[in-house]
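Residues in the sequence shown are numbered consecutively from 1, following my numbering.
Misleading hints may appear alongside valid ones.
Derived DEER-like restraints, expressed as beta-carbon distance ranges [stated by the list, open to error]:
1) ASP152 <-> GLY110: 17 to 23 Å
2) GLY147 <-> ALA262: 30 to 36 Å
3) ARG124 <-> PRO263: 29 to 35 Å
4) VAL30 <-> GLY110: 51 to 57 Å
5) ALA214 <-> SER55: 19 to 25 Å
6) ALA214 <-> ALA15: 27 to 33 Å
7) ARG187 <-> VAL242: 23 to 29 Å
8) ASN25 <-> SER134: 42 to 48 Å
9) GLY186 <-> ASN25: 47 to 53 Å
Bear in mind the hints are in silico, worked out from the structure with no lab data behind them. Even for Gly, the Cβ is constructed at its ideal location relative to N, Cα and C.
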Amino acid sequence: MAPSAHPYLWPHGEAASLPESFDYNGTARVTKEFLARTDTSALLVLVDGIIRHESYFLTGGPDVQWLSMSVSKSFISALVGIAVDEGHITGIDEPISSYVPVRPGSAYDGVSIKNVLQMSSGARWNEDYNDPASDIYQLTAATAGIGGTLDDVVARMVRESAPGTVCRYNSGETQVLGALLARATGRPVTDYMREKLCEPLGMTSTGYWLVDPAGTELAFGGLNLTARDFARLGELYRNGGVWQGRQIVPAQWVRDSITVTAPHLQPGPSRSAPSFVGPSTRTVGTGVDSVISVARCRYRGSTIRVRVSISRTMAAWDSAESLL
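Model the full structure from these sequences, guided by the hints.
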């Protein structure tokens with residue numbers, strides 16, 4: 001994805017230094033040691049749309065693209081909202097199988113787009129990154145053409161519970177939403193995102209999606225952007241979908257994206273990927289992996305924080321909650 005024809009450069013404000021230490025479960029942690037232990041490569045903090053802190057380590061730098069992992073889920077959600085607003089998708093109460101070919105009786109057959117967006121499709125799913133037999137391993141293997149394409153994997157997934165009753169962190173949900181975007185708009189996700197997000201948000205660097213052998217984007221985690229360009233989605237959502245006075249994502253879509261509307265969607269930590277929704281803190285995507293980089297974009301009030309690192313353990317993510 002080419003940079004925007006009208007790039008927006010983040011303004012810089014008074015530099016803010018990181019605290020020497022932070023508290024985690026009643027124990028003081030040294031910030032510098034934490035950043036080294038988690039192999040942090042980029043840490044960017046904006047307040048009111050102004051860069052107040054920016055640090056790069058290891059091979060990081062302002063022009064280095066990093067693999068998002070699950071931060072890409074929030075970009076896909078935003079694009080679905082835009083597609084609905086533009087009329088490509090009639091409504092999120094429609095069955096996703098009206099757009100995406102799936103096997104009859106499989107996990108996504110007849111399930112509403114809304115339930116998929118809320119990770120409540122009822123699909124059987126194992127998101128254990130350390131289990132070679134897990135569903136996430138099968139989905140990731142499909143990027144190399146092992147076991148079929150990404151579309152093949154989601155088309156044959158199995159239903160385990162009634163839709164709209166169980167919320168389970170499921171990367172397959174986002175992958176089928178990527179298929180929805182491609183089918184509904186008649187365009188690759190890459191092309192649609194380039195026009196609807198990269199261009200209007202003034203992205204300054206080239207962006208990339210990982211794809212499978214069929215050219216299908218790894219919608220659940222394959223987006224590559226710089227830390228500064230990741231921050232644009234956080235700033236967009238902080239301002240209710242408005243960027244530089246222009247409504248990019250519908251305001252109601254933004255509100256619905258961060259609002260708990262049913263008991264089974266109540267917030268809480270997931271051990272497969274930490275994600276929290278609350279009145280003061282929003283997580284715009286989250287990812288965790290044992291060997292490759294992940295990006296995290298969060299906002300609290302007027303502050304946007306982007307962190308890129310190699311998080312080797314869940315404990316590293318837990319302690320990151322206290323610092324970030």
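The hints, checked one at a time:
1. ASP152 <-> GLY110: 17 to 23 Å: 19 Å Cβ-Cβ, so the 17 to 23 Å window holds.
2. GLY147 <-> ALA262: 30 to 36 Å: Hint holds: Cβ distance 33 Å, inside 30 to 36 Å.
3. ARG124 <-> PRO263: 29 to 35 Å: Taking Cβ atoms as reference, ARG124 and PRO263 lie about 21 Å apart, which means the hint is violated.
4. VAL30 <-> GLY110: 51 to 57 Å: Cβ of VAL30 to Cβ of GLY110: about 53 Å, so the range 51 to 57 Å holds.
5. ALA214 <-> SER55: 19 to 25 Å: Check failed, 39 Å falls outside 19 to 25 Å.
6. ALA214 <-> ALA15: 27 to 33 Å: Violated, at about 46 Å.
7. ARG187 <-> VAL242: 23 to 29 Å: 24 Å, holds
8. ASN25 <-> SER134: 42 to 48 Å: Violated: the Cβ-Cβ distance is about 29 Å, outside 42 to 48 Å.
9. GLY186 <-> ASN25: 47 to 53 Å: Since the Cβ atoms of GLY186 and ASN25 sit about 50 Å apart, the hinted range of 47 to 53 Å holds.
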